Amino acid sequence: MEFAISGVEINPLVLVAIGFVVGVLGGFFGVGGSFLAGPALFGIGVPMNYVVGTDLAHIVGKSVVAAKKHRVLGNVDIKLGLLMVLGTVAGVEVGARAIERLKDHANVDLAVGLSFIIVLLVISTFIGWESWRTLRAGGGRTHAKGTDFSAISHFAEAIQRIRIPPMVRLPVSGIEAISLWVILVVAFIGGVFSGFLGGGAGYIRMPMLVYVIGVPTHVAVGTDLFEIVISAGYGTLTHAIKGNVDIMIALVMHTGAAIGAQLGAHATQYFAGPRIRLAFFPLPLIGAAIVAWKLITGSEMG
Amino acid sequence: MPRRGSLSVRSFLLELAIYAVLVVGYFYLALLLLADWLTGLHDRGPYVYAVTALALIVGQGVLLESLTRALIRLTQRWR
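If you're matching them up, the sequences are chains A and B in order.
The first sequence begins at 0 in numbering that gives the first Met the number 0 and counts up one residue at a time.
The second sequence begins at 0 in numbering that gives the first Met the number 0 and counts up one residue at a time.
Extracted from the complex, chain A is given alone in its bound form:
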């Protein structure tokens, strides 16, 4: 079937299947799933600038559902999410403008594809290493419900000791005081990744919420989804104006994602924080492999 806006031929059932898988992962890990959705769209022949914009649009619809689920479960720190908005929006705009520059002056598929591969490899390696250390230290079984443990939690504690005013208190996340600037920088970085690589950039924001700000994993999952709605919503608008969104692809993908998100959000209740993170670590590698394969062979999947 031809999707006229982006000018590509895709079987709609393939889009629904991609959406379903991404929906399960998004609901479970608190990430938008762009580490798989983006590479999958690229793999089936969607040009990279449309991958970025369309993935953002699809993520909005999915994250609205998943964030609402996590809000009901008490996993969203609304205050933290709202404080992050300014940094997120600024970051998304910077990322989107970088795509525009690449469209004019360089090979956008190669540049974004290589960035994707590097980011996914780094994230996967880091999360795998940290979760393995945490579980070896007994963090997965000895902590009471509502608390969390990380092998590098001393890093977040050091960050919380930075006293650059204004300082804010985040009771839902159990943080007595943290500099607003730290929150804005974390949000900005997440926004840049979202605007440049597509999706909600939960693969970078969620780890930063846990390891840099010190938010418990379950709250990080819900708050990240809340933030994804903001970043992907703004990203959809700015990329659509720049001609990078095929909303038809996003609508079809989202029907599959909506089912998957229901499954994923409920599943988080049965796993401890480090186990969620350990299960997450191989997934970005799949995305990296798809992008690498497409860049090397140039042929389409499915």
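Treat each hint with caution, since some may be false.
List time: in silico SDA-like cross-link candidates among lysine to any residue, alpha-carbon distance up to 20 Å [what the hints assert, rightly or not]:
(1) A/Lys241 x B/Thr51
(2) A/Lys241 x B/Trp36
(3) A/Lys67 x B/Ala69
(4) A/Lys78 x A/Val184
(5) A/Lys78 x A/Pro206
(6) A/Lys78 x A/Val93
(7) A/Lys241 x B/Arg43
(8) A/Lys241 x B/Pro45
(9) A/Lys241 x B/Gly39
(10) A/Lys67 x B/Ala54
(11) A/Lys241 x B/Gly44
(12) A/Lys67 x B/Ser65
(13) A/Lys102 x B/Pro45
(14) A/Lys67 x B/Pro45
(15) A/Lys241 x B/Asp42
These are computed hints drawn from the structure, not numbers from a lab.
The structure presented is a predicted model; accordingly, all values stated were derived computationally and were not measured.
Since chain A is already given, all that's left is putting chain B on it; use the hints.
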């Protein structure tokens, strides 16, 4: 407890069936009815297209979520 588990599976299967109908509906509604209009909008007015795109995807998200809640309530009433 096992009874509760089987009820969850049943309600999920029911949700899945309804969603499947919805997906097929979207193929016809979105792809056949909206496609030309959205393509024209995309070519003529990027700002209107951007707002429409965001409204459509958020609307679809909220609609599916409401449908899910209604389905869960319905299956709970069947117990």
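Verification of the supplied hints:
no. : hint               : result
1   : A/Lys241 x B/Thr51 : 14 Å, holds
2   : A/Lys241 x B/Trp36 : 19 Å, holds
3   : A/Lys67 x B/Ala69  : 15 Å, holds
4   : A/Lys78 x A/Val184 : 16 Å, holds
5   : A/Lys78 x A/Pro206 : 19 Å, holds
6   : A/Lys78 x A/Val93  : 24 Å, violated
7   : A/Lys241 x B/Arg43 : 13 Å, holds
8   : A/Lys241 x B/Pro45 : 7 Å, holds
9   : A/Lys241 x B/Gly39 : 15 Å, holds
10  : A/Lys67 x B/Ala54  : 17 Å, holds
11  : A/Lys241 x B/Gly44 : 11 Å, holds
12  : A/Lys67 x B/Ser65  : 11 Å, holds
13  : A/Lys102 x B/Pro45 : 18 Å, holds
14  : A/Lys67 x B/Pro45  : 30 Å, violated
15  : A/Lys241 x B/Asp42 : 11 Å, holds
In this structure, the hints that do not hold are numbers 6, 14, in rising order.
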